[in-house]
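Which chain is which? The protein sequence lines are A and B, in order.
With the working numbering, letter number 421 in the first sequence gets 421, and the count goes up by one each step, no holes.
With the working numbering, letter number 87 in the second sequence gets 87, and the count goes up by one each step, no holes.
These are computed hints drawn from the structure, not numbers from a lab.
Honestly, I wouldn't trust all of these hints.
[Claimed, not checked] Taking lysine-lysine and the DSS-like style, the derived pairs with C-alpha atoms no more than 30 Å apart in a straight line are: (1) A:Lys552 <-> A:Lys796; (2) B:Lys181 <-> B:Lys86; (3) A:Lys796 <-> B:Lys181; (4) B:Lys149 <-> A:Lys284; (5) A:Lys337 <-> A:Lys574; (6) B:Lys181 <-> B:Lys149.
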Amino acid sequence: MINLGIEAVVNGQKIALDVQPTERLTATLRQRLGLTGTKVGCDAGDCGACSVLLDGEVVCACMVAASQIDGREVMTAEALENDDLGRRLQAAFQRHGAAQCGICTPGMLISAFAAIRTGADLSEEAVGDALGGVLCRCTGYRKIIQAVIASTLEDVSWKADEALSDVHADAAVGCSVPRVDGIQKIDGRELFGADGIPENALSLKVIRSPYHHARFTFGDLQAFIEARPGLERILTADDVPGVNRHGVIPAFVDQPVFAEGRARFKGEAVAAVLGDPEAIERLKVDDMPLTFEELPACLEMEAAAEKGATAIHDERPGNLLAAGKVLCGDVEAGFAKADVVLERHIETPFIEHAYIEPEAGFARRVGDRIEVQCCTQAPYMNRDALADILGIEAEQVRILPTAVGGGFGSKLDLSTQPYVALAAWLTGKPVGLVYSRPESMMASTKRHPASINMRAGVTREGQITALTFDGRFDTGAYASWGPTVANRVPVHAGGPYTLPNYRAEARAIHTNGPVAGAFRGFGVPQAGIAQETLYDQLADAIGMDRLAFRLKNALDNNIPTVTGQSFRDGVGIKACLEALQPHWARACADKENVDRGRGAAGVGIACCWYGCGNTALPNPSTIKLGLRRDGSVVLFQGAVDIGQGSNTVISQMAADALGLPLDVFRLESADTDQTPDAGKTSASRQTFISGMAAKRAGEALRQDLLRHANASGEARLDLQERVLRVVEGDAIREVMLESLPVDEAGFVALVEGTFDPPTTPLDDNGQGEPYALFGYGAQMVELMVDVELGTVSLTKVTAAHDVGRAINPQLVEGQVEGGIAQGIGLALMEDYRPGRSENLHDYLIPTIGDVPEVETIIVEEPASAGPYGAKGLGEHVLIPTAPAILNAIYDATGAVIEELPATPDRVLAAIESGPGANPQGPNHEPG
Amino acid sequence: MSFARPTRLEHALDHLANQAWCVLAGGTDVYPAHVDRRIERPVLDISGLSELRSIDRTDKGVRIGALARWSDLLRSDLPPAFDGLKQAAIEVGSVQIQNAGTVAGNLCNASPAADGVPPLLTLDASVELASRRERRVLPLDAFLTGYRKTALQADELMTAIIIPAEATLGASDFRKLGARKYLVISIVMAAVRLAAADGRVAKARVAIGACSPVAIRLTALERDLAGAPLDQLPDIVTSDHVDPLTPIDDVRATAPYRRRAALVLVRRSLTSAAGRL
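Based on the sequences and whatever the hints tell you, model everything.
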């Protein structure tokens, strides 16, 4: 296509450019003008991450042709700081914690800017209308709404870095200090996976199977390349110098980088074409000498598990990948003691992570080493996996994580990394790869679909006497984290309750579906839906208040869990339920007074517990701290911050342990050449495990410094300029940092702290100590059901979460609100259908209008195993939301939903077939 | 030629007479249809045809230029009969989509779930199609010929949507049912326009979207509503009235549910529209 000369004003600057006239404005801004603050999430107007102003009106730059900005004015997020309103919005976002991963933030800010500047009133509803076109997967939107409203009301002189210096020594823990990496998330300068790919990089196009199951053969690939100028090479399984396999669990490394003659799921990579970006854009995949023969596919677990079903992997008969179980007490005897025994069946679909940042990576070969820049949750696992694929030593691989635009578990697994690494390794040229939205959805892991049967018995007094759980989880075509789900679920399937007679089994079963892996909770949210909704039916059956029923059976300190583990402290479920009690009484009373109209009001409750860290496996983290002569403390922090805030909370804990204020810290984020291994960002482990490592590192550095001054542990440290003052009573010792010897890296002192939580393996009956601590929570949902349409509208969620110690209360709230938003999606709308919903308009996640008011109650029952008593939180928060919503729907209408999501058609059908087919629902009184 | 951006309609029509084009206006359908693949056809960018931008109100009715965006429509001073169309405009995607997408483009894309079609059917809308051969006006239901199919010829450009004066009377309503608040594709849509005399319906228009390959009017219901007292309209609607619908099962809902929901939405829309009279 011809090039077209255009002239426009971009961020106040006149520009003249030659463009390909129909190129997306996102490409013009990002690639030609270097304005990478405009993000690309979908290229289809579904996510709003690329929002910019065109002549003052907000539009999606992905749907504007470059030709259309000729003679017009464009404003991007980078220009917000040049405007008073822009600065107000930025400050409010940072102050209110409105940016988590930051990928949607430029689009949010620009959309809010446009609305405020055109004089829209700033009611919550108006903010929703203004920002309804921008999706956020992290925050749950509540803090964004708060920040936008606050931006017009609050003092603008507030600066984030000043707020940091307000936090004194020994006082960082427990403070809502603003995100230490927050500024670059609000000024458009944060670099995500797709943002740091240099102009001279070659591009890759991964060729994928169009069928769920297929055989394929190649023709003359060399001739194909030679006939097309600009194409460099085609990579296939034959080009992998090391092992053509990757995986996340050593015993289950089964996923080929490139399939070998047979593709097991739709979207599986079979080859990759390397070339200059324009040639790759011109490439017509259909013209390639590649022939697929579609084979019968097995997409249902039921059929896959049948005897005689075709094995998706020859070595796994019955398509059984892994099974886990926990058995305690005598289940049959327990059922015999019950007055009421009830059963529950639940089916859930694939759930897509739907982070707004599609996977992206860049690699370059440096001598006999390969450097890979990518958005990842697990830099060290990536390093080791790439070494195996390339057939080189781990030390030859350097992983440089970029900012991560949302992960939620899926960015633990490899995505673009093996392709860019292999291409750069083999050709010696720099190579970049950015997944499109459909490619991201097709190729990345999903939450496991579950089919669960549960049975529980209860006495008339409300004591649960026995519980059985049988869960099947569709793990898709390859292993990924399927074994983890099979092991973790049986431990958690009964919830945070005393269950003397318990049997839980979980199986991960292969199908030709997409690979199911880690997604916030590793199967526990699905189990929680079955368990917590069954508990409501049990409470109803014996006429007991639903909260009281949970409180009566709640686990406590010194009471064994289903794996026989007892905790001396930190079992906080009772405290969470007690914190909800007044809200529960209020909500149950309110419900009776609601003007029903066509609606039925309902209140629901559900609990969760979640073990932090790997299940019964070693799981260490190491954090390094160094003091320089200039008085800065360098924190080598390899725990990747995917938006949850590990950079901030780990800094806070290190600061207090050392006894110096936060503003002397300089953060060195993950880089496998520089930072020690702080493990992967998963299993709600960073605050707990890396936090404990940071605390130990802080303590070690403190001991080092005290030794220089011969001071006792009681002494106070003070760092002014290049002088360390050690104050003990009236005695003050000054240490000139310049006078101290330094190591070759320039450190006066350099220490490491390591922590590996104490656990024991589980025996054949699942007995043992799988986690050093659990976190607990209970959530209450208030909602209305339109009984003619089956639509559900949420009024409020009240969430009580026991975090042991809130290191940063604002970040805790951010996790709670974000988890609730994902729980709402799981309950009401999310349903990934392979081959049918590989975009963000058929796959729905909650928008700003779908998340109601959230009241977070932070409960602190310190666990002695955690740093400052702290526990993990990231995954817990998602677990209770969906069952609490289903319980509230049941409360309102009597509808029992068996198949999720509870879309309007399913809710209406359940209302009409339910036992309580009267719209008033079962009668619940507050207890 | 692989790209053109004419500034005058006659030039655009010349281009269309010479070869087949992918016509680009607001881009909200063209670009989502080309995620991960190039636009292979030549592109005729009509966004420079400023003469097609305006929305004009005359004695003859209302003329919505083919480049008028949803946000232009929302800002236009139009009679209450257009309230339903404006309600639809607010529910089109998001502000970003409303600021780019054109009402005419929504019709040319001919999705069964096009937000604009049901309210425009209740406004007895026609479309004006221009080519170097002729300028013709087609009723909307004749323009939309099937699932993503229209009567638009390769050399034609839609230049305007025309609402006759007699259809600009009365009150209207629009309802869209989806599984989330913003950026949502309809499960079912209902649009209603009522003109009244002496407390009774003088003329009724009812249209349902997302329940058939093309949104349709429920003409039997319209006849049954004529002459009915305004406070009794929902009672007139029976399940027979939605017989012409041919909904499908898909990710969003089952077919039987769509029928049920259509009935509910129509009843509610009738009540709202009657309340505005």
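Outcome of the hint check:
1. A:Lys552 <-> A:Lys796: Holds - the C-alpha atoms of A:Lys796 and A:Lys552 are around 25 Å apart, at most 30 Å.
2. B:Lys181 <-> B:Lys86: OK: B:Lys181 and B:Lys86 at ~17 Å, within 30 Å.
3. A:Lys796 <-> B:Lys181: Between A:Lys796 and B:Lys181 the Cα gap is close to 16 Å, so the pair holds against 30 Å.
4. B:Lys149 <-> A:Lys284: It holds: about 27 Å lies between the C-alpha atoms, which stays within 30 Å.
5. A:Lys337 <-> A:Lys574: holds (25 Å)
6. B:Lys181 <-> B:Lys149: The hint holds at about 29 Å.
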